[in-house]
Amino acid sequence: MLEQLGNGLLLGVIIALGSVALSLLYGVTRIVNFAHGEIIAFGAIMALFFSSSPDSSLLYLDRFSPLGINFLTSVILSILLCGVFGGLLELCLFKPLRKNNFGNIAVLVVTIGLSIFLRHIYLLFASAKPTSYILELQRREVYFGVQLTPRNVQVLIIGFAVMVLVGIFLTYTRTGKAMRAVRDSSDLASISGINSDYIILVTWVFSSMLAGFTGIIQGVINNVRWNMGFLILLLIFAGTVLGGIGTSFGAMFGGFIIGILVQLSVGLEFMDGHTEAKNAIALALMIIILLVRPQGIFGNKDRIS
Amino acid sequence: MSNNLLSVRSLKKRFGGLEAVNVDEFDLNKNEITSLIGPNGAGKTTFFDLITRFQNSDSGSINFDGKNVTRLNSYKLARLGMVRTFQLTRVFDRMSVYENMQFAGSSINNEGFLNSLIQSSSLKNQEKLLTEKINETLEMLNLSDMKNSYARELSGGQKKLLELGRSLMKSPKILLLDEPLAGVNPKLSEQLLEIISNLNKNGISVLMVEHNIDAVMKISERVVVMAEGKIISDGKPDFVRSDKNVIEAYLGSSNE
Amino acid sequence: MKKYIIAFFLLAISFMYIFLSNETGGARVFVNLMTFAGIYGLAAIGINVHFGWTGLLNFGHAAFMGIGAYTTVLLIPHSLGREGVVISSGLPLPIAILVGIVAAALLGLLLGLPTLRLRGDYLAIVTIAAAEIFRLLVRDFENLTGGVYGIIQFSDSLQNSRPDFITRFSESYDMSPAQFWVGVLTWISIIVVLLILSRLKKSPWGRALRAVREDEDAVRALGKNAVLLKLQSFMLGAAIGGLSGIFLVFNYGTVQASTFVPVLTFYVWAALILGGVGSLGGPALGAVIFWVIIASTDSISRFLFESPDGQQLAGVRFVIVGLLIMFFMIFRPSGILGKKEELLLDVK
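Read top to bottom, the protein sequences are chains A, B and C.
Its first residue numbered 5, the first sequence is counted upward by one per residue in the working numbering.
Its first residue numbered 184, the second sequence is counted upward by one per residue in the working numbering.
Its first residue numbered 12, the third sequence is counted upward by one per residue in the working numbering.
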């Protein structure tokens, strides 16, 4: 079982990051964004495009070669690009919908359509094969009894640090506090002079950058593929629900628990020969939580119905 | 034969550290028009929700028409004869006025899946009989012209009338009105008040939460005042109007 | 009324397109398309009961289709899994189909009972998760379901009942008799189901369902059991989905876990939105138009990429599906045949 703990932490950090991003967006906009996975994938794919070598066999749209920029710069560029992407989504799509009084359900179906659309644009744009970033191969070493590569450990630390920074941002900065105010009560917020539209835009940009970062992390830990977002979307939902929809710390906590749970379940006896069903356990847990304690572990009761 | 319809004892509800409702004793009799008033935050709406079972009480008992209904499902209580309306009108927007009334009056048996599939002649008969009652009620409420319009096309006041009409289709024993006059223009208020008074003559007891004190004093036989979750006065309008406790409560909470 | 004229024209244009773009074998293509359209249309009729009639967001319909299919096929003679374990006896097909439909309804009960009190968007997440759990379980429990290898050799149960005149008719027009038979049965089922639904829609039950869609609290205040009504609607839509799943696998001739994936549910939703949420015939019409559009995406692929491979064909196809869903939801949420006044747009 312990050997799965390492995998669990890695899956956990991906889901935790994704959950924090989703929870942030949902908290402020009340939108369940099914295209969240595609923003995650966007970050990973863009980083791949920027950083892969021009003489690699990768070709985008049968025409464009990757740019061969160094990895760190690629990561930063990609994250910024994700922010732009998110901002554009808000300005061109979600804001007009909001202004035209589209209810949550209609927007939800739109995000499902958007997710299908984007995912297959990626399929056409990038290759269908799982691809990895150009980073040297490393061997697993043992840290506190858990087997991980040094890079994985770095990823864990960086991921965790980012989430802590997000928490600090939300708690102590002016924008962060404004975001929390809109999240807790949009009416009161607008009375106290907070420009809701601006805050929503900031939230989209912020959440998308975080999502892009999630994708890159996922790409480093595993690999990059066109449907990588869709694959973990449900687990991210599970993490968000478990931790408490609309709470950042809760989302992070829930995300880690789900990741660890999924991987640890592989080691359980009745799972012998049924390892593919490991996701099913996390999903079942999510359903149970929604039934028994829909506000999750850390959430607030009044937000549910 | 007892005159008592509703009997509430030691009803309590807390939200976190706040005690929203703490009512020792509350009774409603047949054929009474009772108003429930009190400053904002007094717990009137919560009390309303508790006795109609739209919220769970923490402790205490509720008896309706001799039966213990403390933990009964709200829809079952409504079936027994406790029918309520809502502060923000809840008409069925995308159904016609007539359909709104039809739904209210339709028997639960007929709404059973199998019965609706088979549609026996008795079901069809009952639906026909409904038509009479609907038309009469709509006539009384001055909504006959709007019979086939979508409910959402009605004005705010007309929606209130429709909600009232729907409730009447249930032939309630107690009609609970949650701020029936809120946001209604004076002329329509008059009309509503007249209808409510007449209900009383048909044997329906009315309990209404209201902020419009003039209206309250005019048609109520009995006024109950709540403040800070408790009942602080209960009696005829004149008595309550000059009750020290009431005056203090209103002045003290700097309202209206 | 205008929208019926538009619908008629769209159908006419679609059919002309099919026959014109397939000089040889037009009839075969037509039957193939109409059979798939019928199956998806039937499935869409199921979620129309959920969403259009009752306002329930069910994004796990593939599970209902799947359980109907698996239950029925496992009850008739079939061959299972990698080893091809042959089961040569079984129930008569009509009974197996009935059991399959009931199984789907029961799954609806099982899933609905705890979850129908959840708010709209949460129900969507739960139904997707439930369908995913179903898919994973089916895939993993190979002994029962054949896992990824699936189940084959069950079609005879259906094709044995095919009348001679059908066989002669299809052969004279160069169509696949087996598929034609499935198609005929599917569309007959659609007509029967729509007749039943039409009766229910005008009944007190149907009216009660609409009231629940509007305002559940008001329904309770008027003494009606909103949860029971939602549950009944959920089971009905699930049962219809189950039937469509049965036809789906008879059309393919095999049952595989990979059939009942989220993509299936999304296709069905696209057909529903296109055709018109809430209208009786809309879902079926939407499915036909939808499949014509999908069929034509291949020509678009060829236009964009010189010789598109499977990946590119699929990609273009789904890009268009995604755009369709978005476009219609934003600009024409009532679809082709839906009523604008009855839209669910401003439900918060």
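Hints were generated in silico from the structure; no laboratory data involved.
Where is the CB? At the ideal position from N, CA and C, for every residue including glycine.
Misleading hints may appear alongside valid ones.
Unchecked claim - What follows is a list of derived Cβ distance ranges for each label pair:
(1) C/L109 - B/N256: 51 to 59 Å
(2) B/M323 - C/R210: 31 to 39 Å
(3) B/N256 - C/L324: 40 to 48 Å
(4) C/L117 - A/I172: 48 to 56 Å
(5) C/G321 - B/S304: 46 to 54 Å
(6) C/L334 - A/N104: 54 to 62 Å
(7) B/S380 - A/Y176: 45 to 53 Å
(8) A/N104 - B/Q374: 53 to 61 Å
(9) A/P134 - C/R93: 24 to 32 Å
Evaluated hints:
1. C/L109 - B/N256: 51 to 59 Å: violated, 34 Å
2. B/M323 - C/R210: 31 to 39 Å: At 33 Å between Cβs, range holds.
3. B/N256 - C/L324: 40 to 48 Å: The hint (40 to 48 Å, Cβ to Cβ) is violated, given that B/N256 and C/L324 are roughly 54 Å apart.
4. C/L117 - A/I172: 48 to 56 Å: holds, 51 Å
5. C/G321 - B/S304: 46 to 54 Å: Roughly 60 Å apart at Cβ, these two residues miss the hinted range, so it is violated.
6. C/L334 - A/N104: 54 to 62 Å: At roughly 19 Å between Cβ atoms, A/N104 and C/L334 fall outside 54 to 62 Å, so the hint is violated.
7. B/S380 - A/Y176: 45 to 53 Å: violated, 60 Å
8. A/N104 - B/Q374: 53 to 61 Å: violated, 36 Å
9. A/P134 - C/R93: 24 to 32 Å: holds, 26 Å
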